[in-house]
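Q: Add chain H to chain Y, keeping to what the hints say.
As a plain string of letters, each chain reads:
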Amino acid sequence: MIPFLVALTLAAEPVHAGEFRSVDDVLARFDGEPGIGDVQRMVLETTKTDPSYVDKWLAASVNAAWLPEFTFTWDHDSRYNRDYDYIASTTPDGEPTSQIDQSAVDTADGLQLRAKWNLDKLVMSSERIRVISEAQDVVKLRDKVLEEVTRLYFDRRRLQVEMLMGNGDLKAQLKNELRLQELTAQLDAYTGGRFTAALGAQTSR
Amino acid sequence: MLALLLALTLAARADDPDAPPDEDGAAPGAAPDARDQVGATLAATMAWEHRGTFRQRGPVTGLAVAAARGSAVPTWLAIDTGGWIWRSEDRGSTWMVAMRGEEAAEGADEERLLMNAEALRDDELRSVEEAPVDGVQAAPDPSVVQDVVSRANDDAAAVIVADRNGAEATPRVWFHPTDPELALVGRADGTWRSLDGGFSWEWVDSAAITDVEVVGDLLVAGTQDGVRWSTDEGRTWIDVDDSTGGAPVRDLEVAGRWIYAATSRGLYRSADGLRWAIVPALAGLSVVDVTADPSWQGGAWVITATSLIRTDDDGATFYDTERASLKDVREVIPLRGAGHLIAITGDGPWETIDGGLRWVPLARLLTEPDVRDVALDAGLPVIATRSGIYALAVPVELAERPRALPLPQLYTMVDIAQNRRGLDSDMLSLSRRRLLAAATPRVDLDWQWDRRRGRDADHAALANSAYDDTAWSFLARACWGNCAASASGYVSDPADAAFDDTLFVVGEEVYDDGNAIAAAANVAQGIRDYRRNAAAVVTEAWMRRQRLNQEQAVVDLLPLRDRVMHALDVAEADARLDAWTEGAFTRDLARLNAPSPETP
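From first to last, the protein sequence lines stand for chains Y and H.
Positions 2 to 206 (my numbering) are the ones given, in order, by the first sequence.
Positions 88 to 687 (my numbering) are the ones given, in order, by the second sequence.
So that you can see chain Y by itself, here it is in the shape it has in the complex (with noise of 0.2 angstroms):
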């Protein structure tokens, strides 16, 4: 709060017109403040929309074809088998009497490693499609924000030079004050604050 008010007051200091003899003299007055190319980069790392994003997804809805599908599997097989031979006497019973005739321990254990490529997605996947769709969603979420940053921030750097150079009555001056508060925090919305914060960390250079 205390940068953003230490900006405002910046701002609507007043000044004697007369004492700038340039553009540059008068344009000088706002060193202090973050100029449109850093407003833009703050918008985009705000949003996300910077370009480098969209490289990024598009880099990996290919590379990720490159990655095979694995399957490992084991298979493990334990048989344990015994064979009777029944012999013509009987138990007291009258049941027929056995004996072992064969048995057998079997084991057996399969390893299998299985990888797959669907290569054609290198050249054309659903994947794909769904994000060069969201990379032009981003392109031009990223164009809407960065012309109403832009519109904001020169709108906001006119209404400062009026009130550096004007000679408004108190009325008009309270008018340009509340402006430039409204479109201070317009672009703090869009910046997600780094542009007050940006006000004051070069002001209190």
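FYI, nobody ran anything at the bench for these hints, they're computed from the structure.
Any given hint could be a false lead.
With a cut-off of at most 20 angstroms between alpha-carbon atoms, the simulated SDA-like pairs for lysine to any residue come out as follows [what the hints assert, rightly or not]: (1) Lys145/Y <-> Asn620/H; (2) Lys141/Y <-> Val592/H; (3) Lys145/Y <-> Glu20/Y; (4) Lys122/Y <-> Asp511/H; (5) Lys176/Y <-> Val302/H; (6) Lys49/Y <-> Glu135/Y; (7) Lys122/Y <-> Asn609/H.
A: Chain H in isolation, oriented as in the chain Y frame:
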């Protein structure tokens, strides 16, 4: 006829580089460097550019420019002699009808109206036919005759409209100085109001306004029937019953602590817009116009039927300012900068930069001296003449001066904007990719290892045996086409293969893998649409930057505040182009304007 000849003379002088300098040493229509001879005049650096004609309805008599709102282009409103209101949102490049002309009042004598109009037209035509050339009666130039016939028809139409409504009101249009939505129009059938910047209109009063001033919360209007005021933004008007006595008001102006009303009976003034008193020094004089001097508290110019006079003491005394003999002065417009004025006269616009000591014609490329109204757009005058609307612009030869920086090519910027990451339609070039995808196999690699161990015992033979078998295999498989049901070997059931399809969402639509091509086609269409939009936006931004670049040649003539605003406009245009080209505009601009190695 006199006006026409003067117009032709002015045009000829303006276009003749060999024309001798006038009394002030300024050559009308001189090359741009001539501004050094006459000081910072617009006349030396700018020329009139045609911005629209309404001859099908009659000449324009009223013109207004809406208050600036940010960087938006202000709305222009024009009204013609027929009462038609025209609206432009692109500084006169295109116009649309905002309201049609007046309907005939009931009981009008149509036959008398037509006879009046016809008589006027015949008079004008006769004046051309009978005009001697060098004292010898000769056949007039056919092109001149055609022009005069056209004008005569316009005047006749205007007379019909005025007579039909029983008044001779000159249609006027007015914008609120700070609210670009509020506009008023005065024409023969009364006053109309718009609250949406001139799109729609409502009739509000029977008296036609001629001029309006904002005084606190009041709107004070001059009408054909005295002064009126409104407290509700022009919805209702209250007649002021005072000493003006209902005199037709030609002009209203706030200057110093007074509001002045110019009438045919003299100059009236009021401190509050309600109580009016005549200015004693000008009582009985026909006053045409009053203009405040923004650089002198209490100063104002007053135009009477015969002279241009001035007061420096809030109307207590007046003195004649006109050293040069300006003829038929109708209006004076102060521009930015003390002493910088434009006078609208019967000979066209004239300009002074020393408060009226020296005047130079501001007539370059202006073929019509009969100016009916003037408004300011971004500090520069826009005028309505019989032949249409004109605005000042830097002529081509000035635009090509070396001062204008070379800009990156438009097509390069458009190409970059259209091919930014995410908008490259080549990513979805379906025919090529379908072929490539069909030619690309699915590859399976299988590695398998098996070990089998066991013991067998034969109890009858008392024999044992044991075994331990190990085996491995490797299989590589490539499959084209639908591999799910046949080639894999692990998914053999077509029903299982169906479950291999996945749904995916693109935009607001859901597709399965089988419809990927349709999804890609829709996405590609969306990209194409947006690429067109990007081209339009970048072109508009580049053209604005180009205009600002051309204006750079005359910006040094403007006051500091305007130069700062121009610099901000340039910076904003650059920032917009950078946003759409990911910074390429500024990079190219720096490269194009980098000093060459030979430059010391």
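Q: Name the hints, by number, that the structure is in violation of.
A: 3
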